[in-house]
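Sequence lines, in order, name chains B and Z.
Mind the numbering: the first sequence is residues 1 to 554 in UniProt numbering, read in order.
Mind the numbering: the second sequence is residues 1 to 786 in UniProt numbering, read in order.
Simulated from the structure, these hints should not be mistaken for lab results.
For every residue, glycine included, the Cβ atom is placed at its ideal position computed from N, Cα and C.
Here are some, though not all, of the chain B residues that point toward chain Z, as calculated from beta-carbon distances under 10 Å: (1) Q9; (2) R38; (3) P40; (4) H42; (5) S74; (6) Y76; (7) L82; (8) R374; (9) D522; (10) A542; (11) V546.
Computed far set for chain Z versus chain B, every beta-carbon distance over 10 Å: (12) D155; (13) G359; (14) P604.
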Amino acid sequence: MSDGPLIVQSDKTLLLEVDHPLADAARRAIAPFAELERAPEHVHTYRLTPLGLWNARAAGHDAEQVVNVLLAFSRYSVPHALLVDVAETMSRYGRLQLSKHPVHGLVLTSTDRAVLAEVLKSKRTAGLVGDRIDEDTVVVHASERGHLKQVLLKLGWPAEDLAGYVDGEKHPIALSPTDPAHGDSPWEMRPYQEHAVDGFWHGGSGVVVLPCGAGKTIVGAGAMARSGTTTLILVTNTVSARQWRDELLRRTTLTSDEIGEYSGARKEVRPVTIATYQVLTTKRKGVYTHLELLDARDWGLVIYDEVHLLPAPIFRMTANLQARRRLGLTATLVREDGREDEVFSLIGPKRYDAPWKDIEAQGYIAPADCVEVRLTLPERDRMLYATAEPEDKYRLAACAPGKNALVSQLVAQHEGEPTLVIGQYIDQLEELADHLGADIITGATPVRERQRLFDAFRTGEITKLVVSKVANFSIDLPEASVAIQVSGSFGSRQEEAQRLGRIMRPKTDGRTAHFYAIVSRDTVDQDFAAHRQRFLAEQGYAYRIVDADDLTVG
Amino acid sequence: MVTFSDWLCARSDAELVALLSHRADLASPSPSTLLSLAARATSRASLQRATTALDAAHLMVLESVAVLDSLGEIVTTERVVAAIAAEPAIANDATTIPTLLEDLTDTALLWQSHPGIYRPAPGIEETLDAYPAGLGPALLPRDGRPDTAILQAPDAPAGARAILAALQWGPPVGRIPSASDSPTAAAIGWLIDRGFVRQVDAHHVMLPREIALDLRSGRTHRGLPPAPALPEPTLTQATIDAESARAAQEIVRRVAEVISTWQVAPAPALKAGGLGVRELRRLAQQLEVDELTTAFVVELALMTGLVTSDGADPASFAPTVEADEWLAADLPARWAALASAWCPSARAPWLVGSRDDRGALRSALEPELHRMWVPRLRSELLRVLAQAPRAAVHADAVVAVLTWRSPRSVPPHAAVVALLREANLLGITGAHSLAIGGHVLAAAPPLTVPDDATRLALAGSLTQTLPEAVDELLLQGDLTGIVPGRPTPELEALLTESTEVESRGAGVTVRFTAASVTRALDAGRTADELLTELTQHSRAAIPQPLDYLVHDAARRHGQVRLGVAASYVRVDDPVLLAGLVDDPKLASLGLFSLAPTVLAATAPAAQLLTALRERGLAPAMEDPDGNVVYADLRAAYVRLPTRRGRRAGQHSRSVDGSPERALSAPERTERLRGLVARLREQSHLTQARRTQGAPSLAAIPAASGTGGGPGTSDPLVALGLLREAAADGREVWLDMVGPAGGITRRRVRPLRIDAGRLRAVDVARESEITVAVHRVAGVEHVAESD
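The shape of chain B in the complex, shown without the other chains (with noise of 0.2 Å):
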């Protein structure tokens, strides 16, 4: 019995104590092969999955180097069955393979003839394959790739993908070695971005996790230089191309001739093209027009800005892109619809992480600090809660009248400071902006406007702006250190930790982020505060909880 740094529990958790001096160790050798699934600040908790495992399979490691692992940096033995089930998880994978036939094009050929009986046997594959060429192949529609990659997934028989990646279009591409904004002097990539870069690069297709503010751009632009091929990214909204056109001609040598907007107001299609998830998924008689950009050019690369967000007809367009490698890019791989799987099997698997903790301890993220604080209703709005109908609850709640002098006291508090005050309900925010004398952004402002506000805010013209959740993504706003929430989406973790994300580009003095979520004690809404602090609660930003009331004394 050694004295590892990591608890193997029989639930297939695995428990990693931090403080322990072989910490760092450990977390790199279960990298490949466990889901981070918690960092809080004592002890991390990784799961392995039969996705997690396969994909360790797909990147080169084998059955053994994992039990290895698990026995090396074990505190107590490990369960017998947990690593009976591993080998036996690992061996699914790659005994039906996808290859390229030089007659009959893509095949799902297979080491093991009754698995391959099995999977044809099944429902799910129907329509999927074509003729049997022989006892141990069988012909796959190119199209039907992706579905029948994630049907296979399903099934659990997972396939190995050989039939590789179209090249697609040649487009010189490389980083710029200096930095326009900050007077041409010199900039690297920082060592995790780097090593997201080549995690993506190596798997082929996937997803990089990082925190918000952490630079995403900069991975997709440096997948971009070692790809050089003409791009095509999918981003949330019209304001977010935007900010990666500019940061695509900081940042590379492309020019603006090069980088093309696919949006409702323009539709360029240039060698790197920007293109909006709305613009796609717009349809018109039931079809949707614009899937022709798919095709326009023979992209070498997509990316998938914020792959938590994409929308369902993105999926399905997506598992037709199967030949061209594919990276999606998120801050908060969590989403309330419990889709995450079929990111993986159609984007790809995860394939850089890191704790946000770790970035801020390196420094490329602000520290922030995180306060609930909790407001008592008055007895009035109390019995006007108690008998309200469960559907009007939450927004009673959460647009509780005694939330604004709460927010002119925070606002008061950090005076000079960029502050933003976020919320959900509009007829909230225009009380708010009222209250404060601030602007205010919703979706209704028009995007010239919007640009205005933000470029007045980092300038630092204006210091107080009220958003709606037009700015929960991709709005890049450095200074902002403040953040205030008065109402979400209910319950949404991703919302939350995208909040925060808006304060968590580093200040230039270092300052500490401040956030703060205004939430009406004893309601719906405290239930809803509770689950939407999960995702950062995981990832160890604990919250102090603080009464309205001790917020005047202090």
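Guided by the hints, dock chain Z onto chain B, whose structure is given.
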């Protein structure tokens, strides 16, 4: 001529003690004489029992001797070796066979008519297979014995030899093809005509014993069956013990959980006495295991005497007083109690969920769910596992070994699978190999409740393998806590009370929720007490969110109060209630004030109504909507329910079939020695009487002591004599009770005794007679001079 009983009487005391200890059924109840011992030893039941206990090699030797003897051969050790031992390559057989013969002689399944000449105990052949050694019955006296040389003759049909070869090693019965003109049919016809095979009916032929033996060149078998090999060691003892320790912790925790669930809410029993499917499923969900495992957990609790049916009507299952003692013990002691109870128990939990002969679903804990052979199988299983240390042993290997060990009673495969599973769940095995605790059990005397020393050794074995208990809790900001190891009992108790367990294994992950903290507060802790206790176990300070959570839960705890009342009084004018609460005359109503205008009472509404009326108030009853209901006091009338249920006590049957504590080995030997001495004394008396001229062996007064008239005899002794005579082909005087009750004496040569009938040749009339055994009044040897 020496008979079996003579031989037995001539055995030395030590040999008799050995016999009685090998064949326990011969000694209980104690036989009265050596002769009745001999009779009992040749009774069908006893022989069956003894042959059932034989392993494949012994059985083969016994068969061989029986077969050779039946053909009148003189069976010496050399003859048996020649009949069995395979190629010279397996020379081992030749050296083993004498030992096997000796073993069989020790157990009186064989005896020696002359030194070195073995004979089977009378009646053996009836207990063997229909075709012992794959051989058919012997030739009839009238059949001629064909010369096997003619098989080689050119006119022999082509198929004849092939047919004989197919029948030669048994089974000796062949089917005649339906097409009568086929070459095979012709060959068979040829064989029948020459007497090689005998036609038994229209469709079958049989190869007689002698011919088969000739064809086998005098061999009865093709070599001793080798004992099946057990798997090779592949595991380390550390792995096995760690697995077993893990399982032991789990099973103890689960049993404790069953107790803690049922002590609050006993589980209702079915009418037939078991635990219903729905109840089992609910429990399975709570224990987070499948239903079969749950059934085992509750059955284990029952075996250990921790839960039982309360015998009430309707019955329910609840913990016993012993459960308290068990709960108070430490983990190793608790586990030792479970493991010791499992071993000798006859319960068969794996049958839960299957259907009985009437198609009814068998349920857990039902009284009928035990099988008498289960304890033996459990202990055999342990001993097999003990022979394969550090090897992963699966059911097939165990069944193979047990089949070799007792081919005549092969355990059901499903039972072996289930028992191995139980052993794994219980931690007697780990990773399918016997753990040290299991070795302790395997070494303990079989079929008995393990004694205190064994229990201590069991507990010790677990203490050795359990990882060190950890008293540290790592509290984290996301409201989880982690114990990096096995929690100490105090920590475990604290966590059970105040958290939800998220993951278990080598360590424990728990989560604090508002509900779990409230549960701790419900149990009587205050927020500060809880936090202090947590601090004592935590290396770092309590994270702020947790501190807040506990205080917040404490703030909300008890905001809503409730109490018990049977009725209430409500007024608009508080004056009306003045003095009611303090009035001693109304004390029996149990009035107490809830608000200035509301009183509650512990007395029922009707009583309250009467009392207030008497006091001169004019109360009116109201329904929940506040409407006045007019005094309908029927609710207060007394009615007793009639009892139509089953009689009480019907559920009080014992549900566990575990055996009594047996005698220890030295005690048993001592007892057997005493018995042999008594028998010997009896035998000397008999000898004395015989020399005095008493002609009849059978006339010795039997244990019944009826003595008296000629021809009365101990029926067992009589049967023994008949069997002996049948085996030796000797004649006896037979006293039979006639239809009218009179006794007739005939001189007969017994042929066969089975199914309660004696077939014998009446020597005087030269005809075969069949006599029901219960008509046999006495048997006497025919004196040599007759």
